[in-house]
Amino acid sequence: MPAFLLRRLLQSVVVMLTVALIAFALFRYVGDPINNMVGQDTTLEEREELRERLGLNDPFLLQFARFVREASAGEFGLSYQHRRPVRELVAERLPATLELSFVSAVLALLVGAPMGVYTALRRRGILSRGFMTFSLIGVSLPTFLIGILLILFFGVILRWLPTFGRGEVVAIGWWTTGFLTASGLKSLIMPAITLALFQMTLIMRLIRAEMLEVLRTDFIKFAHARGLPARSVHFRHALKNTMVPVITITGLQLGSIIAFAIITESVFQWPGMGLLFIQAIGEVDIPVMAAYLVLIAFFFVFINFIVDLLYFVVDPRLRADKATANGQ
Amino acid sequence: MALLDVRNLRVEFPSRRGSLVAVDGVSLAVEPGDVLGVVGESGAGKSTVGNAIIGLLEPPGEMTAGEVHLAGRRIDDLEPGEKRKLRGKRIGMIFQDPLTSLNPLQTIEQQLVETIELHLGTGEREARRRGVDLLRQVGIPEPELRVKQYPHQFSGGMRQRVVIALALCAEPDVIIADEPTTALDVSIQAQILDLMRALCKEKDVGMMIITHDMGVIADITDRVAVMYRGRLVEHGATVKILGDPDHAYTRSLISAVPRPDVRLVRFPLVTYIEDAKETPRHFDVRRHWLGQARDFGDGAGAGAGAGAGAGPGAKKGDAARAGEGGDGGGRGPGRGPLISLRGLHMRFTTRPSFFKRNRVYLDAVKDLSLDIHEGEVFGLVGESGSGKSTVARMICGLHTPAAGAIRFAGTELTSLAREADLDPFRRQMQMIFQDPYSSLNPRMRVMDIVAEPIRFHRLAGGREEVEGIVSDLLEQVGLGAGAAIRYPHEFSGGQRQRISIARALATRPRFLICDEPTSALDVSIQAQVLNLLKDLQELLRLTMLFISHDLPVIRQMCDRVGVMQGGRLCEVRETEALFESPEHDYTRHLLALMPRLEGLSRQGLEIEEPA
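Line by line, the protein sequences are chains F and L.
Per our numbering, the very first residue in the first sequence carries number 36; after that it's consecutive.
Per our numbering, the very first residue in the second sequence carries number 25; after that it's consecutive.
For the record, the hints were derived by calculation from the structure and aren't laboratory data.
As the structure is a prediction and not an experimental result, all values here were calculated from the model.
Cβ atoms here follow ideal geometry from the backbone N, Cα and C, with glycine treated the same way.
Don't take every hint at face value.
Facing chain L, a subset of chain F residues (Cβ under 7 Å, in silico) [stated by the list, open to error]:
#1 Ser175
#2 Thr178
#3 Asp253
#4 Ala260
#5 His269
#6 Phe270
#7 Arg352
Bound-form chain L, shown alone (with noise of 0.2 Å):
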């Protein structure tokens, strides 16, 4: 008898429109020391699995059938009472954002005071004891210090770290984790992952872990359950699930994942998921608007009709390659770096005081310069806080450097006093942001929200013109032009990522900035996202930096790579390289962290010969 076993679990949310079916006919099993992992996309119902098991769903949802049994005894039709005992008690629950899980009007010891107290019903010194015990074997240093603080003064791993010290309060025989790692940097979420691993096979707690990410599921687990609309699609070791899927869900899932080890040509379309539509992938660039004007005054523009109508799956041009090697080497005369930063800096005021000694300032770029070539992929990489969105951010004018000298196709931005001086280049330059729910205004119409900037920057003559030309736009992006109609929440993160995609297209822009872009979507919606945005750049041939915290992304995307550390660029390559043979120490310990994914099935990718 295992330790955990779920039997046909069925989840209802009853609505006024009948009733939708969360989950059905699942069934799992946890054996003590083992690590089980639930991986699917966002709706698949992995998380409310979790929640029933522990009897938390959330109202109206309920339990229509099925058992959960633990260590023998059926938990599932429990008095309320009889239940919440058990939660704490003898299942553990991990959350995704430790930001939020813990009180923040409490300190720590309090938080875990009151719950071993409860649970073992100790005395307030033993509690204090164990309390601080606890912390020290999820490895925070110095505990007798820190248990007095407040959950705001911890980092975000620190405080994931706390969050497992109170689910393993009582001991727990069962852990479940829903998205442990999600909100993490990778080296944090590599130690919180090693640390789960080692206290669940050290304690031979059974241990379920709910995720998206195969990097993890890879990492830790020894079995996997793959779940595809509220259904189990497929159950087994993970080294099968990973190498040789059976399910063809399975498998295009497998096939979107990017791949730290090899550069794909592009990801493979997935079948599987909901707006699986391929954009229109051959069209004539010099005839289409996109193309036009795409003359940008210093004839660095002129390469884009030439080499267009190839389409994609052709080989970059030479420009870009050329200039990969040295610094504008093998260039024209006057065809210098597109984007070229020098010794920017960048000072924020984190305690602002009347007297300057008080001030506490922190840098969030340190004389940073850096090239970016014309038609090149700039990939710029490095763990929340180095500084990536900050130079970013620097460059599209939404914060002002310090010190430093940004140049855009020779013009110096830094040195353009007027507001008006500077839309000729805003228009140049574009944005795509990371949070497609947030980026976008939910009180206006597509149609509205990607002609916004034809209008500003008077690029099409009368309204009909311009609807034309949105429409072609949502074209190009896979989505239609009957999406102009409808706002943005009729949408999913995917489909709205390509409204932002066509909004940053809309002026026609050389240099397209993408700060995250696919960080907040599923995996094989990402597929698609990186695909289009693959597509559209070597089509317009558009120059872009690209920003990822996500190593096996820029992979994929990038032709080159910046990695940033502390503000501070440790490391400038061409991808391949960098990933082939690190330089730097902190690149080195990056790509260690990387999810290695060796086992992965390569059905039906098509892998990019090495140049």
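Chain F extracted, bound-state conformation (with noise of 0.2 Å):
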């Protein structure tokens, strides 16, 4: 297992400098640098002197190196367009976009995970019926309609849910949270909804196929064959089992969340990083898109990392290599 994981941690290590070598490539060789941070009078003697000042002449390896060196420390510079440092940008608004992701992340599971395993217990339940069609459109419709609908008949109609930002929001440190104010929690509602329905609808799915699956096997056979109740023969044998290939769907799911953030966060004016990376966008602001790409990556290759470490919890399988050699 040793072996395993340090194998997966160079892989990780492997991933992030790709990403940082086109997060550099962006930063260095989309516009001239120069250009985006100086004014317009600016004379070419001035330009040459700030070119070799930054280091903008230096070697290309030497560069990069100082590139991934500041940027595992989180500094990317100064953003063009805020004239602050991207570091302090990005604190301020991380924490709305991972409250945001955590909280749907778990709606999706939470809901998705015991639909999934009610509709493939009861196929041809009303309800399970009920829930596949539901699923069908949370698939199908886009996240931003979704959005635009919830805005309607909940913001706009009914009146009982703000339409956006994040309502109040308490400091803790550097972190700031909306989950302990009522303005915080009802702001956080329909964003969540929205950001969780088609992952939801996905695990349901998922866990609807797999749990399908596994009930079809020998092993469930027997365990019904030796009298075993059904609810132990369900949740016991069978879910345990299916758990292994959903954890892998769900963990790149999680990393989607954070990813797909950017649309949700625009349509309710959440103040994410989705937001802020929409905005970097639309000014050329390249230092914020740049440590937004390496902290989406950071956060993918962090979450497979765990999904590997829970495979070896959940499978014995792959835990025990050494002791199946005495395994006649």
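Can you join these two chains into the complex? Each is in its own frame, and there are hints to help.
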């Protein structure tokens, strides 16, 4: 197992370096950074001096190494648009995105998984058919449309929920949270549902399909033949076996919840990183774009690493390859 | 009153197009300490009977008539909850595949304890103690240690023991075993059957064994019920049914069983099965497409035309016979063996590691040398994991040997570097695989499946010629030219194996490798496919490498046999000599495990006279 983890860790580092290279290339070669920094009336000499001072004339590898070193310390330079360190901007916006993604992910899992199990066990029930129809809507409607429809009903017509922003937030150190105020929680409901809906239906359909597969296996039949009660067969034996492939997809999906947050954040004017990124694209604010790219990649790699660890917890077949040697 | 009494059972599977009757009018009884065998071929409804008794019919199947009584009490009309309480507690069940019968994510202990606690209502500590005790009873060494392990850490035979322990948890009165040893090797099969019989007698349990294997029936059962298409055709004492069957189906079923004790000229034609169509046995090989181009450039193939027109039934040509005594003795000059393996070694890495010393290897084949002569059928026998298939795969180039040389008609294949250089040899060698369901591309028509090798090796000119050849090949293997436009899924297992044979013949091969070609088939179908292979071998003077774990089949098919154990070749002998007077200890061990089937009726058999 340590060898496996080490290998995974190495792969993660390679992925991060590749992403960093792309981010760096953006930074360095999309447009001229000097042009983006200085005004129209700067002379050529001044530009050349600035170029030399910022190290833009150094060899490529040296510049890249510097970029990686600074990026790993969270340093991405000044935002062109806001004239503030990118690090500060991201730190300001990160809590909003993470809170939204976290709530969506929990919602997707807590609602999607039981629905998946239910529809697998009661395949022909009316409620199951209802869930399946509902899930089709969830999969096929685009996120922004769901967001707009929610705003229309609950914000504009019924006036129950706020239609934009995070509401009041409480600062805990550098972290700001919306969990502690009524308006913060209320503002969270609609964006969280919007973001969760697609993942929820995906998880539900995935669990249903896997569960149906597992229920057909011999060991489930043998469990029935031993007279184990249906509840035990379904939940103790079938569900855990369903989880192995589900964990992989769910892990990937959590990453994409954070990445997909861009659309939801734009619809609800949620002051998170996605919104920051969209604005950065509009203004060609390359340091912000580079930072976002690296950060999202980091989340993906990190979550996948956790998923790999979970495999070991769930599936004993991966754990013990040494112990099998005496397996005769 | 019998312990388990099934009366007039009828099971139907309703569908849109009317209802399919899977089992009809079946009555059986099991007494305590008695082993009842239920035998039949696939689709006979024997498993459905077992499932109906314990109330686990696959939906939409349902019992539409009949009664099931357990110790005098009717159980088929109980509430689902009540029925569940009987399962495991009063009636234990053992399934075919031990590799998939256990939950892979739970330890053996968790699975045992759960079942024991449920049925006996004991505390966890007592359940654990009983669990360990049960494992000891079914013959698992170091049960205290093994009970903490997961199923994947056990071998197939050990897993089946665990499954038996689980079925015995609550000391049931009746055990229903559905093909309990089909997935196991002969030596393991013998152990498991002994264990089951001993437990049955010792604990006075009634046992019902569902199987397609006459060997299992002969070995372990007291009484036997023969099923055919959902009906019971015969029912009585095992000795009587096997020795002197009354019903025509039983007779034909028994005549199709490969005999361990005698060699047959060919299997009798079984009239009771679906595709009982005989192949055209006489055709003029010299003028037929299959017989052409059989001169392989080294003069060795010339014998094909000569002995051909005679057809099967005639004795094998002298070339093959002569070679059997000593290696190459009595052969003309320059006529070495067709296949010659020298010091062949194959190593797989089972645990890769960056550091060489941490890697774990499996030596599948160790220092194997062997000759196969032109026109002979060479058998390779051994238990699973002995390396038989690896040898075949190395010969046809699917694996590259770690060391050693493979010579085909004098050319060393291992030294040919370019793919294109190998093509002419690939044309001369073809393979027939074990599983007829996965060895044909389901998205291709039979026409294209069989035509592919012809097109690849450019053996025929235009499209019409290719199609003509394919139709003819399909006729030869007994399918009829009409099969060409259909897809593989429309055929049964035996028919698919015939397609595989047609495909293998399509390159006009000289050497055919058959890797367990009939082990996935029912006995009557197996008999036909073996007949077909025998006929083709004799007509075309094919050289064959025939791999099987089934000794009786080997005896029927092969001229010489090699016995493999753990990657090494133990003994190579002429077939009859090997069966009559084995020399190596392992061969004797294997032969001793082989079901004897001595009481089997010999009605209608053509027994080959010892040469």
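Tested hints:
| no. | hint | result |
| --- | --- | --- |
| 1 | Ser175 | violated, 29 Å |
| 2 | Thr178 | violated, 35 Å |
| 3 | Asp253 | holds, 4 Å |
| 4 | Ala260 | holds, 4 Å |
| 5 | His269 | violated, 12 Å |
| 6 | Phe270 | violated, 12 Å |
| 7 | Arg352 | holds, 5 Å |
When held up to the earlier numbered hints, the structure conflicts with 1, 2, 5 and 6 and fits the remainder.
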